[in-house]
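Protein chains: 2
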Amino acid sequence: MSDIAIAQSKQLKHIKEIAKKLNVKEDDLEMYGKYKAKLPLELINEETIANNNLVLVTALTPTPAGEGKTTTSIGLTEGLNKIGKQTTVVLREPSLGPVFGIKGGAAGGGYSQVVPMEDINLHFTGDFNAVEKANNLLSALIDNNLQSKVNNLNIDPRTILWKRVIDMNDRSLRNITIGLGGTANGIPREDGFNITPASEVMAILCMATSFDDLKERLGNIFIGFTFDKKPVFARDLKAQDAMAILLKDAIKPNLVQTLEENPAIIHGGPFANIAQGTNTIIATKMGLSLSNYVVTEAGFGADLGAEKFLNIKSQYANLNPKCVVLVATIRALRHHGGAIKEDYNTPDINKVDDGFKNLAKHIENIRKFNIEPVVAINAFTSDTEVEIELVINKCAELGVQAVLAKGWEKGGDGMKRLADAVVDVVENKAKKFKPLYNWEMPVVEKIEKIAKEIYGARAVDFDNKAKLNLKRIEALGFNNFAVCMAKTQKSFSDNDKLIGRPEGFTVTVREIEIAAGAQFIIPILGKMMRMPGLPAVPASENMSINNKGLIDGLS
Amino acid sequence: MSDIAIAQSKQLKHIKEIAKKLNVKEDDLEMYGKYKAKLPLELINEETIANNNLVLVTALTPTPAGEGKTTTSIGLTEGLNKIGKQTTVVLREPSLGPVFGIKGGAAGGGYSQVVPMEDINLHFTGDFNAVEKANNLLSALIDNNLQSKVNNLNIDPRTILWKRVIDMNDRSLRNITIGLGGTANGIPREDGFNITPASEVMAILCMATSFDDLKERLGNIFIGFTFDKKPVFARDLKAQDAMAILLKDAIKPNLVQTLEENPAIIHGGPFANIAQGTNTIIATKMGLSLSNYVVTEAGFGADLGAEKFLNIKSQYANLNPKCVVLVATIRALRHHGGAIKEDYNTPDINKVDDGFKNLAKHIENIRKFNIEPVVAINAFTSDTEVEIELVINKCAELGVQAVLAKGWEKGGDGMKRLADAVVDVVENKAKKFKPLYNWEMPVVEKIEKIAKEIYGARAVDFDNKAKLNLKRIEALGFNNFAVCMAKTQKSFSDNDKLIGRPEGFTVTVREIEIAAGAQFIIPILGKMMRMPGLPAVPASENMSINNKGLIDGLS
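Chains as they are written, first to last, in full-length UniProt numbering: chain B, 1 to 555; chain H, 1 to 555.
Looking at chain B on its own, in the form it has when it is part of the complex (with noise of 0.2 Å):
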């Protein structure tokens, strides 16, 4: 059965029903059809958070499909409940634009899925829309004023970083030229369109902790430059407000279930490689305040998500996770020990013993953050008993529970074991958790913890543009920044091909973008991707849907 069969053939749950398991009284709700509402921010409580436990699912060095985590997530969430604890699944919102790609969608599989999956991955309660709007009117607001005989600011268009948005994958705007057509449209100049969960209002409402901070971060966003070398923010075009006025209801986390009728919390979609690739801090705290456990998810591998939820997210909220779960598989470890893409599902045992030396070093980057991991062995068909029992094996040596997930295809019933080990730790083994560096520490020396430490590189080059950018950090007085690393998710280290746990290596830091609203400096350590295209055969050609508003063909 497809996905999508699996959610359609479940009956769901009121959402008043789900809202009654956190004791949220129906009146609290702001419901957007039978199955899906928003929750007001007062909900949220800074001391339930505090008694309450926080789980991050991460994963080891992915190859390109993925490993799973939004599954093992949602099946730990439906095997937490199961076992007695009171838990809610806490997720990103998925980008439509990839749902017409090849990605598709991104409300779990199999047995461990979110629904309704078809409103979840197309508009679901419009936050996207909101983030794009937000960003767009910015946009507008730039070109006008640089056209604009009243309260010009001067703007030298050659300077203009922000660009526009659009929740589509559409390669076609990722490069254009604007404003052409004579004095009465605009000024010409280069442009493009990145996909919206790459827009920094999606980093910027992922990071708000409230109202006032989402509209005061808007104002910080960072522009470009006057003709005469001034900085310019989006407050000086008077924009947060307008722009706050759009984001007004997106700020609300949203209600959904599970197959099984536990929480769901989603919220917020930061792309992975360029932002924080997590939910809004709201919907966490959310989840927190209303329920005993909350697992999460953050995008990539742990070298990239678990890091930046760690040391971005968790800093600033402070958040204090409790047990991080490595998502792993055996088809990864295969790919890490040289298996070649074909040979993926061909079990291997010599492989994938060579291939655990990635999970181990996820292990101890974990522990760098004074948190105990799990791992979650993902099961797939063409798993073999011997190189589960192996990799159960060398997890143990490392004095780490290796538990078998069958999420995908059981559900919860698939997944009690694995809470068993989460809730081990979470009861008896959770300290306090330590960020690996701090804000205030010097740009330089935060790069180079996160490289020498996590990736485990040897040295970390600047290139002359990236120098330039640190004067340029040093000069607009935001040193004291987050650093959220883009960097490629195959790989420990910048070059994709290095798989496994390479050593000796050097990364190269090749220029340091500015998120001045959402208080990041992003170091580039290759080619980021801000745009999808669509496949030769674009999944939209399949898709169906009959009069009864019936869906077929979405994954």
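Just so you know, the hints here were simulated from the structure itself, not pulled from any lab data.
Just so you know, not all the hints are guaranteed correct.
Straight-line Cα separation of at most 30 Å, BS3-like style, residue types lysine-lysine; simulated pairs [to be verified]:
| id | chain 1 | residue 1 | chain 2 | residue 2 |
| --- | --- | --- | --- | --- |
| 1 | B | Lys-527 | B | Lys-471 |
| 2 | B | Lys-548 | H | Lys-548 |
| 3 | B | Lys-16 | H | Lys-16 |
| 4 | H | Lys-548 | B | Lys-21 |
Selected chain H positions facing chain B (in silico; Cβ < 7 Å) [unchecked claim]:
| id | residue |
| --- | --- |
| 5 | Asp-170 |
| 6 | Thr-177 |
| 7 | Leu-180 |
| 8 | Asp-212 |
| 9 | Lys-238 |
| 10 | Ala-244 |
| 11 | Glu-427 |
Beta carbons are placed, not taken as given, at the ideal position from N, Cα and C, and that holds for glycine.
Given the structure of chain B, go ahead and fit chain H onto it with the hints provided.
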């Protein structure tokens, strides 16, 4: 008090209470928060529709500020309910772009508003975003096909008529070049963004009578030609189902309330210049299925809005409007009598007397459809009694009731007399509406009939481009489409400067566009704005929102 202050001072009823007035059960509602809901298409009932009463609100030839059709429609609805007629107002959704520009929102004014006005003027229930995404998915599919080696349709990029859209006033996007930056980034070509209400997808959504009809229309969208000059349609890209999936919720009408707690259905918002300028057929039918009276409106003056409403929408959907309310203002009559803009608010009975000829021609025109008009004099503080008296008397000479309408100042209490006049026409004078032309007539004949009988033109010229377009329409077999005229709203003629009731003029059709999905051919009689710009000081600069979400500066 500002419109937003009035709207915010009102304690809204829960939307289920409004639904109750329409005998719609709570379980049938798809709520979007407490004050907005979508209505299922299953509630549409053709038999009930035939027994209920449709009233169209239109206007004389307007001044740039508009004469208050929406405010009058809402006020009339309050008035009709006050005199015991169960009435729903059915309106267009406002576009987001103008909210930050000069025009502002479009939810009525003063004490005749639909609420929550902030939500209605912002993202509302996401319909505009859905239209935008469906439109832009087709764009992405087109550009993807241009460079695709699989199923390449051989589209000639120079012939592509389909544009991208964005719901933002953004003049810099009017003329752009896309696909720059090398082979990985598409095929370079000229393109541009229109504002979302100008999308043919919006026109289609508003013409669709069912979900299947919507899908077929989407497939029929005409994109351009192949290099060997064959027409290309959206269905050739297998786009219609994916586009329909994006519109699965947008097709459902939205229920909100008026300030006096009467039902308002707000759904769809196509441009009035190049499209039909009126809400969805589905919303009108929904209103008539649930309510004894439906008051609705169509954009611009009656030469455009009412003509299209009657010939296109009513003819196609088999609607039978029983009364047309012509909104007039003393201000606009002064204008048509020759007053300059600075004197619009200066009493001048001679100018009103002279300007009346504009209103008289509209009265004549409405009668050509076998419908009796009522004139609503939308009251302004600068009106004098003698001027009002004059208009009432001159209307009476034509056998038409004219009534002073004080909806803006007094809500329903100021509209009871207008309501009485409308009920008199509906109950005692309504005949069977007849369209001016039949869709099956030859294209040129349809255009000439509108130009001569409605505009009062002596002749119609066709530029060379228009003549070529006529041949294309013939070749494509689109003769039997409705004619959706694109003409200035400032004059009966195609010349802005000819106020009053011009005679002996010729109109020139410059070109004729095709909206094959909407089933329109669109004669272009002047320069049509499809993407507004922001003013020197954008409205966004004066907007604010506090940490409780209370908005100010939105109008």
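Would you list, in rising numerical order, the hints stated earlier that this structure does not obey? Those not satisfied are hints 2, 11.
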